[in-house]
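Chemist: Line by line, the protein sequences are chains A and B. Counting in our numbering, the first sequence tops out at residue 379, every number present. Counting in our numbering, the second sequence tops out at residue 1213, every number present.
If you are wondering where the hints come from, they were derived from the structure by calculation, not from laboratory data. Be aware that one or more of the hints could be misleading.
Simulated DEER-style distance windows between Cβ atoms [said to hold, decoys possible]: (1) H69/A x R1101/B: 53 to 59 Å; (2) I1155/B x K242/A: 37 to 43 Å; (3) A187/A x D1085/B: 27 to 33 Å; (4) D1075/B x G71/A: 46 to 52 Å; (5) R245/A x Y1147/B: 21 to 27 Å.
Think about it this way: if two alpha-carbon atoms lie no more than 20 Å apart in a straight line, the pair counts; the simulated EDC-like pairs of lysine to aspartate or glutamate are [said to hold, decoys possible]: (6) K242/A x E264/A; (7) K341/A x D171/A; (8) K365/A x D79/A; (9) K74/A x D168/A; (10) K341/A x D1085/B; (11) K341/A x E1151/B; (12) K74/A x D21/A; (13) K365/A x D1058/B; (14) K341/A x D1059/B; (15) K273/A x D73/A; (16) K341/A x E331/A; (17) K365/A x D1089/B; (18) K288/A x D124/A; (19) K341/A x D294/A; (20) K341/A x D168/A; (21) K365/A x D1063/B; (22) K341/A x D298/A; (23) K365/A x E1086/B; (24) K288/A x D208/A; (25) K341/A x E300/A; (26) K1141/B x E1151/B; (27) K365/A x D1057/B; (28) K365/A x E11/A.
The C-beta atom is built at its ideal place from N, Cα and C for all residues, glycine as well.
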Amino acid sequence: MADGASVGVVETRFAELFTADAPLRLDSGAALGPVTVAYETYGTLAPERDNVVLICHALTGDAHVAGVHAGSDKRGWWDAFVGPGRVFDTDRHFVLCSNVIAGCSGSTGPGSINPETGRIYGLDFPMVTTADMVRAQRALLDHLGIPRLRAVVGGSVGGMQALQWALDYPDRVGSCVVIASTTRLSAQNIAFNAVSRQAIMSDPDFHDGRYSEHDAVPHRGLATARMMAHITYLSEEGLQLKFGRNLQDRDRVSYGFDRDFAVESYLHHQGSKFVRRFDANTYLYLTKAMDYFDPFPDAEAAARALEPVTCDFLVCSFSSDWRFDSSRSMELVEVLLRHDKHVAFQEFTTSLGHDAFLLDVPPYKATLKAFLDRRAEAS
Amino acid sequence: MSERDLAAPAELRKDQRHVFALIPEGARVLDLGCGDGALLAALVSRRGVRGHGVEIDDDRMLDCIRRGLSVVHEDIDEGLAVHPDESCDFVILSQTLQATRDPRRLLREMSRVGRASVVSFPNFGHWRVRLELLFRGRMPKSRDLPYEWYETPNIHLCTIADFDDLVRDEGFVVRRRILLNGRGNPMRTSIFAGWRASGAIYLLQHGGDARPT
């Protein structure tokens, strides 16, 4: 597939939404306001405002999907997918992504100042759900004067948000793309999240979430959480191919507790890299939102939720993804077909595991591009 | 079914045109092994059909997505698990039955999902096939059966008589049977059909309560 071109230099913008008097009402009953939402856009908004594709980022993503910021060479997390001629073709679409609320990359979250106390929220930040995140995104669209989405697209936790969009704002979504995702976490998924949170909260530097007031960072706990989660993002085959039993900077095992194996060193590197860019409290909140996600708890709820839905769906999964394996996507497809929705589902064969949705899997990119291009031609 | 209904889009293969003509306006259709989606797309756009497809091949999936079809990437040998009971009027299985691992199980699955089935297959009892085996002593090859025995995907070939037996044993009602001659056109009479037909298309009704089609 042609690689297209980069979107070049971009910048993150910030929208001030809601107020103390007219706050964002959360599923928990709590209210949040004012709310800052960080976002980026690529391409040009059509005069009819009908060419908008919203990207929902995954657990540790941010609004910086593509391009580079001035003075930096760090590309966005889905850079290879966004630009003229690319999957999200900026000659056709106006692409938008915002950092979720409770995030730590510019949007209001547990690291923000609580206007009521003047202190950092920490664990006083209200619990947010996937539906709450989508509510904030909808407010951003209102703020930007965008009535309707051509498509909403997300991988993993982003796929949950995309599905939530289709259910909560059916008259504002043209197409919904759910990639490497699920309608609900399994016990095993929740278990992994629980251990991640436990690692963070049991770190002596956690200080009940007030670590920044102690000039501390629960870096061991957060790194451990990331290391464990990272294993679930890769497949056993992928790890084996990449590392096998290779030793790290040595010819023989140490008979000690050094990082003998290359895979240990790799995970450690992933952990320490992550700690520098991500907030521990945000990790707690977002994994909890993931645990709570369950738009179809039973058949009646599914029927109610899907009744007004008119958009068409593209559901993608990856053969070696065991975090949200193909059967989880099939569950979504099954419930959509049960309610006679228009759905295309494709499983892609790859050893790249859950992470595949971010990576260069040519048939996957071709399908995603074909689906989105067609939406542009249809409108 | 009137003659007018037989007017099918020219872009379809001959056998697809016969299937197209069997599907009434506005029906709900599931096309198993829908390939590049040509038949399904024609049914959707010209017959107002509410259609879904199933396809296993990546490249053909892409064709279907380019056509904007509702299509699931699925191996029909694994069953039709994502498709709900009685969710469509017609399940189409076009030139695929003989390549499935368990044709009887698949037909049962089709009867679970749809009120009627349209099944087409090559007739292994065609006289050319019989003569080839009789005189050449080799596994027959033809336009419909172009593969060598060791690489053929057609692992469950049957004759029209074989299929009739299975249909009867399973309790399906044959609503319509189109016998095709060597050029793929409907035969005028069914005399010696088992010898003369190179293939057949069946419209099967499942159970007793389905409405006449």
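Chemist: Does each hint hold? Answer for all of them.
Modeler: Taking the hints in turn, this is what the structure says about them:
1. H69/A x R1101/B: 53 to 59 Å: Given a distance of about 54 Å, which is inside 53 to 59 Å, the answer is holds.
2. I1155/B x K242/A: 37 to 43 Å: holds (38 Å)
3. A187/A x D1085/B: 27 to 33 Å: Since A187/A and D1085/B have Cβ atoms about 28 Å apart, the given range 27 to 33 Å holds.
4. D1075/B x G71/A: 46 to 52 Å: At 51 Å between Cβs, range holds.
5. R245/A x Y1147/B: 21 to 27 Å: violated (44 Å)
6. K242/A x E264/A: Measuring from Cα to Cα gives roughly 12 Å; hence the hint holds.
7. K341/A x D171/A: holds (15 Å)
8. K365/A x D79/A: holds (13 Å)
9. K74/A x D168/A: violated (35 Å)
10. K341/A x D1085/B: Given pair K341/A, D1085/B holds - Cα atoms ~15 Å apart, limit 20 Å.
11. K341/A x E1151/B: violated (38 Å)
12. K74/A x D21/A: violated (39 Å)
13. K365/A x D1058/B: holds (12 Å)
14. K341/A x D1059/B: With a Cα-Cα distance of about 23 Å, the restraint between K341/A and D1059/B is violated, given a limit of 20 Å.
15. K273/A x D73/A: holds (17 Å)
16. K341/A x E331/A: Satisfied, since the Cα-Cα distance of roughly 14 Å is no more than 20 Å.
17. K365/A x D1089/B: Answer violated: K365/A to D1089/B is near 34 Å, above 20 Å.
18. K288/A x D124/A: Holds. K288/A to D124/A sits at ~15 Å (cutoff 20 Å).
19. K341/A x D294/A: holds (19 Å)
20. K341/A x D168/A: Satisfied, since the Cα-Cα distance of roughly 16 Å is no more than 20 Å.
21. K365/A x D1063/B: OK: K365/A and D1063/B at ~14 Å, within 20 Å.
22. K341/A x D298/A: Holds - the C-alpha atoms of D298/A and K341/A are around 18 Å apart, at most 20 Å.
23. K365/A x E1086/B: Violated. K365/A to E1086/B sits at ~34 Å, over the 20 Å cutoff.
24. K288/A x D208/A: Holds: K288/A and D208/A sit about 16 Å apart, inside 20 Å.
25. K341/A x E300/A: With a Cα-Cα distance of about 16 Å, the restraint between K341/A and E300/A holds, given a limit of 20 Å.
26. K1141/B x E1151/B: With a Cα-Cα distance of about 12 Å, the restraint between K1141/B and E1151/B holds, given a limit of 20 Å.
27. K365/A x D1057/B: Holds, at about 16 Å.
28. K365/A x E11/A: Violated. K365/A to E11/A sits at ~25 Å, over the 20 Å cutoff.
In summary, the numbered hints that this structure violates are 5, 9, 11, 12, 14, 17, 23 and 28.
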